[in-house]
Every structure is written in C-alpha cells, then in structure tokens.
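Chains as they are written, first to last, in this note's numbering: chain A, 1 to 331; chain B, 1 to 300.
To be clear, the hints were calculated from the coordinates, so they are not data collected in a lab. The reader is advised that the hints may include incorrect statements.
[Stated by the list, open to error] Chain A is nowhere near these chain B residues, computed Cβ spacing over 10 Å in every case:
#1 23
#2 27
#3 229
#4 244
#5 251
[Unchecked claim] With a straight-line cut-off of 25 Å between C-alpha atoms, the simulated SDA-like cross-links for lysine to any residue are:
#6 150/A to 21/B
#7 229/A to 120/B
#8 110/B to 238/A
#9 134/B to 67/A
#10 112/B to 222/A
#11 150/A to 53/B
#12 74/B to 220/A
#13 50/A to 67/A
#14 74/B to 33/B
#15 134/B to 317/A
#16 104/B to 245/A
#17 104/B to 221/A
#18 150/A to 20/B
#19 222/A to 94/B
#20 229/A to 106/B
#21 229/A to 16/B
#22 229/A to 69/B
[Claimed, not checked] To spell it out: a stretch of chain A is covered by chain B in this simulated footprint if at least three of its residues, at any positions, have a beta carbon under 8 Å from a beta carbon of chain B; those stretches are:
#23 234-246
#24 288-297
In this text, a Cβ means the ideal position worked out from N, Cα and C, and glycines have one as well.
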Amino acid sequence: MSKMTTILRLPSSPSNANSLLSRLYQSTPALLLPVIGLLMFLAIWNGVAKSIDTSLGQFPGPAQVFEQAGALIDEHIAQREKADAFYQRQEARNAARVAQDPTYQPKIREFTGAPTFFDQIWTSLYTVMVGFLIASVVAVPVGILCGLSKSAYTAINPLIQLFKPVSPLAWLPLVTMVVSALYVSDEPAFSKSFVTSAFTVSLCCLWPTLINTAVGVSNIDKDLINVSKVLRLTPFAHLTKIVLPSSIPMIFTGLRLSLGIGWMVLIAAEMLAQNPGLGKFVWDEFQNGSSESLARIMVAVLTIGAIGFVLDRLMLSIQRAVSWDKSSVLR
Amino acid sequence: MHTKHLELEQVGIDFPTPKGPFTALQDVNLKISKGEFVSLIGHSGCGKSTVLNIVAGLHQATTGGVILDGAEVKQPGPERAVVFQNHSLLPWLTVYKNVELAVKSTMRGKSKNEMRDWIMHNLELVHMTHALDKLPSEISGGMKQRVGIARALAMEPKVLLMDEPFGALDALTRAHLQDSLMEIHADLGNTVIMITHDVDEAVLLSDRIVMMNNGPAATIGEILDIELPRPRDRLALADNKQYNHYRHEVLTFLYDKQKKVETVSSRANQSPTTNKHSQQLAKPSGVSSEKKDAKKSDAA
Chain A
1 MSKMTTILRL
11 PSSPSNANSL
21 LSRLYQSTPA
31 LLLPVIGLLM
41 FLAIWNGVAK
51 SIDTSLGQFP
61 GPAQVFEQAG
71 ALIDEHIAQR
81 EKADAFYQRQ
91 EARNAARVAQ
101 DPTYQPKIRE
111 FTGAPTFFDQ
121 IWTSLYTVMV
131 GFLIASVVAV
141 PVGILCGLSK
151 SAYTAINPLI
161 QLFKPVSPLA
171 WLPLVTMVVS
181 ALYVSDEPAF
191 SKSFVTSAFT
201 VSLCCLWPTL
211 INTAVGVSNI
221 DKDLINVSKV
231 LRLTPFAHLT
241 KIVLPSSIPM
251 IFTGLRLSLG
261 IGWMVLIAAE
271 MLAQNPGLGK
281 FVWDEFQNGS
291 SESLARIMVA
301 VLTIGAIGFV
311 LDRLMLSIQR
321 AVSWDKSSVL
331 R
Chain B
1 MHTKHLELEQ
11 VGIDFPTPKG
21 PFTALQDVNL
31 KISKGEFVSL
41 IGHSGCGKST
51 VLNIVAGLHQ
61 ATTGGVILDG
71 AEVKQPGPER
81 AVVFQNHSLL
91 PWLTVYKNVE
101 LAVKSTMRGK
111 SKNEMRDWIM
121 HNLELVHMTH
131 ALDKLPSEIS
141 GGMKQRVGIA
151 RALAMEPKVL
161 LMDEPFGALD
171 ALTRAHLQDS
181 LMEIHADLGN
191 TVIMITHDVD
201 EAVLLSDRIV
211 MMNNGPAATI
221 GEILDIELPR
231 PRDRLALADN
241 KQYNHYRHEV
251 LTFLYDKQKK
261 VETVSSRANQ
271 SPTTNKHSQQ
281 LAKPSGVSSE
291 KKDAKKSDAA
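Please model the complete structure; the sequences and the hints are all you need to start from.
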C-alpha cells in the first residue's frame, strides 16, 4: 500500500508545474474515459450506419439524428404556436358572441392537433409515474408483511413466483378488456388508454419492489429485533423505528429495479396498444415510412435511454435523502 | 442481601433439530439476591447465553421457569434490560435518540423535561454526554458499549443482563469500562447477571461466579463466592492472595474439570496426562480472547 502511494506521488515531487500536471492526470480519468467511450461509440455508429441500406434509405448516423432532434423541437414549437393561435381565435370568437348575446354560454374546445414528440414524452412520463406509484403503494406494505410474517410469505410466495416472469404484453389484452368493461364513466378523469398503460406498468412494477422489501425486512439484524422486544415497542414503533430504517436500502433497490422495468414495459405497451406516448411515437414513425423515420426513431431511442437514466438517478437521490447511512456507496 | 429476588428453578431448554429435540440446558437452579452481581462463566457453547436469554424472556424455557419478584417471566421487558455483546444500538439514531427510544417506551406519561433530564443523567453515568448527536458509526467500540449500558440503565431495570458486554473490546478499553461498571453498580445497586469469558473480569466484578458445565444438557457446575471487599481496585488486587486464589479456582474449573471436549482426531493425538492443562493454567487468563478481540475492536 505504501509503495503504491509513493509511486503515485512520485511525479508530483519535482516541481509545482509537475504537481499540477499529475493532479490533472489523476482527475482526468473520471472525465476523460466516459468521453472517450462516447466518441468511440459515435465513430463506430457513424461508420456502420453508412454501410447499412434499408428500404427506408440509409441507416441514420449521428449527424442525421442530431438534425432530426432539431426538427422535432421545431415541430413542437410550431405546434405550440398553432395551439396558442387556436385558443386566441376561440377566445375572440366567444367574446364576440357574448357581446352580441349576453345569455350565450361560450364553449371551450381543446386544441386537437397531433401530439408532438414532447407531448408524447410527457404522456409517457406521467403514465409511468402513476403506474409506478400504484405498484409501490401496494408492493411495499405487502413486502413488509411478507418479511415480518413467515406465514404471509409462504401464502403469497407462490403467487409472486407465478406472476413475476409474466411479460407485460401478455397482460395487456386482459387489462385493456377489463378497463373497458369496468372503467365506465360519462366524464372520465383519465382516458382509458392512460389507465390501461398505467395498470400494465403497475403489474410489472410490483414484483421487484415486493421481493426486495420482503428480503430486506426478513434480514433485519436479530439483535435489533431483540432490542425492540426488550423495550416492548408498540407494533407501530417497531415498524417505524426498526423495520423501515433497516430495510430502506433494500426497498430502494426494489423501487429502482421496478421503475426501470416499468419504463421499459410502458414503451412496449404503448407500441402494442397504440396508447399515446413515446411507444406510439416510435410505432407511428415506423408506419409512416418516410426517409427521416429511422432518424426520428433513433432520437426517440436515445431519449428513452436518457429518461430511464434520469429516473434512476432521481430514485438514487431520493434514497440518499431518506437513508440514514450517508456513508454507504450508492450506485 | 438474602431476600428472594430472582429465581431460576429447574430451568431446562430443548431446541428442535431434524434429529429430534436437543437438550441444551437442564436443571439450572439459581437464586439471586437484590443488588447482587453474578457472573456466568463457561466454555463457549455451554449455554451461558441461553440462560441469559431465558431470564430476558427472549427464549422460553422448556422445563422449569424464572421468577422475578414473585412473578414468572414470560416475555421480554424493560425490567430485565439487556446489554448486548455487539452494542445493538440502532445505527440510524444518534446517541441521544438511542437512549431516548428506551426512555420513551418505558416511561410513558413523563413530561418532556423529565425525560430529557433522565436521558442526560444516564449518559452522564457512562460519561457519554459529549457525543449526544453522534451516530453509532461515528464513535468507538468502547463508546458504543457505554451508550448500550446507558440505554439499559435508562429502562430502570430490576435486573441488568449483560451478554459478554466487553468481549469485543481491546484490553485497555475493557478495563476502563469495568471500572465504570463497578462505579455504576456501587451507585445504583442494580442486580446484574453478566456473561463473560474473562476470568479476571469475573473475579474483579462479581459477588458470585457461576461456572457452567459443558453441554449438551449443560447445567451449573460450581458456584464461587467472591468475598473481596468493595470498592475493588484492580491494581491492588493484582497482588492480592485471595484474589489470585479465586482466579485459580475458576481456571481450575474451566481448564481441568471442564476441559473443552476436543474433536475425536485431536484427542487421539493427545497424551492423557495433564501436561497440556497445566500449560494452559500457566498462561495468563484472557490472553487468547484478547488477541481475537483486538482485531475486532475499534480503538477507544
């Protein structure tokens, strides 16, 4: 160990300039290596893309994809302007009608333009969060129950094992039919497609959280449980002072896995069910078959990846804020 | 000192195993007076901890039972506070909050100020008021054990149960904590049952040393009354004839009468003479455990 440190320190000893260089050298790998990785990926992508010709034209390289990303932003801005114009016209028209006839009840109509890429992102994000929340609200308490009571675990375990490996796409037709049959209301607060997508996401988000919570709770240090017994803590105090704090890391491991799965499931479900969202955007572009389609799909692919990454980081920072163990390495 | 306080009567316990029940303890009888300091000593695996856990109510005796002040012990409770070997502080609570949890759950109905004073009083007893807002991970092993003792004392227990409380500490820290424990015991006069592997610790602290036979079906082998005057001073006692006599008694029991049963192969290689035993006797007590413990413990 001491040898290691001397070797590392050697370059810094001769002069100040050298020490600066060595410090730069020491800190660069953290920044430099990911950049190198990224550049290599772009180069390979660029090279390979040129040699692939599809029926929709050449496979898009980084440049075309970047261009289409700009186009999608422009389309979104244009659509927003159209919508604003539409609402302004509607307001002016209604104001004029009310001025003519004070008893007139003005009708407000929604702008019906096609949703842009960014609208679809928002829809998908909203759907995955709702689905994930529903799953968490169910999975964490059931997981805690399974962890605390061996009989509950023995009863529920076969169901977990049975449903855990089921693909979301197998659930989708069932969920669609059940939602159509049961979710009947004259003025629905949410669209049916939204409810279907959210529930499909929930069904797949349940399991990792449930299993990890159960494992976390059942592995609480036996001495801490004895402390709780000696103190005769009430069940509520036992839960809040002992069970939850010690199983928080495992609960969050489960939640992060669930959110990742939920995000993947959602895109697939949207593609298959033609429910609004990023999946539908991808499918529409594929069906559209223009020469730009592949580049636009690639934008969506990268966006999906980036959002998945951000969601995971978000969960990680929530875990950091909630967890008592600030020294633990979270990745 | 002769009032009936804590009684263990014909205590025995079976643990279920795939090959049928395993009798870990049998016919353990012990009467302990109020304010008495009793040590349980014996080879590892002889069931010392099981005895303590039965008194704590964490294990249920299969036969016999434990009576504290006329009432049978059926479940764990704060009147039989436990100091665990590995401190068992809640790692997500600060020193103060760890003791507060004990105070809040055992002294319901007291005012906030009374509770605060009581928490501070107990932390003062163990000299830990300087680290109120530290998490257990931020203090040394000896300090953690001090807080563990403060938490147990804060429950105002009738009996303080200590399961090798200083086993994981280095020798110097252990000596410090032993002195603190003697002070506290002299102040408060709690009844204490302590498990230990350390012969010196047992002789220094105890009024009586309960020596246990090896299992299976372990029971009490001998009981040694320690009639050294209190307060006891470890330096003065080091040269004390009576003290060394007590030590010798315990060592003889442990290494001669209750020699740890070795595996069949190692026993076959061993000569049947007592040479080996006398070697072990010559060795200062506690050395082997100290070596092991020094690795584990954080410096205080």
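Status of each hint after checking the structure:
| no. | hint | in the structure |
| --- | --- | --- |
| 1 | 23 | holds (23 Å) |
| 2 | 27 | holds (26 Å) |
| 3 | 229 | holds (34 Å) |
| 4 | 244 | holds (36 Å) |
| 5 | 251 | holds (31 Å) |
| 6 | 150/A to 21/B | holds (22 Å) |
| 7 | 229/A to 120/B | holds (24 Å) |
| 8 | 110/B to 238/A | holds (21 Å) |
| 9 | 134/B to 67/A | violated (55 Å) |
| 10 | 112/B to 222/A | violated (31 Å) |
| 11 | 150/A to 53/B | holds (23 Å) |
| 12 | 74/B to 220/A | holds (24 Å) |
| 13 | 50/A to 67/A | holds (16 Å) |
| 14 | 74/B to 33/B | holds (20 Å) |
| 15 | 134/B to 317/A | holds (23 Å) |
| 16 | 104/B to 245/A | holds (18 Å) |
| 17 | 104/B to 221/A | holds (22 Å) |
| 18 | 150/A to 20/B | holds (22 Å) |
| 19 | 222/A to 94/B | holds (20 Å) |
| 20 | 229/A to 106/B | holds (12 Å) |
| 21 | 229/A to 16/B | holds (22 Å) |
| 22 | 229/A to 69/B | holds (21 Å) |
| 23 | 234-246 | holds (count 6) |
| 24 | 288-297 | violated (count 0) |
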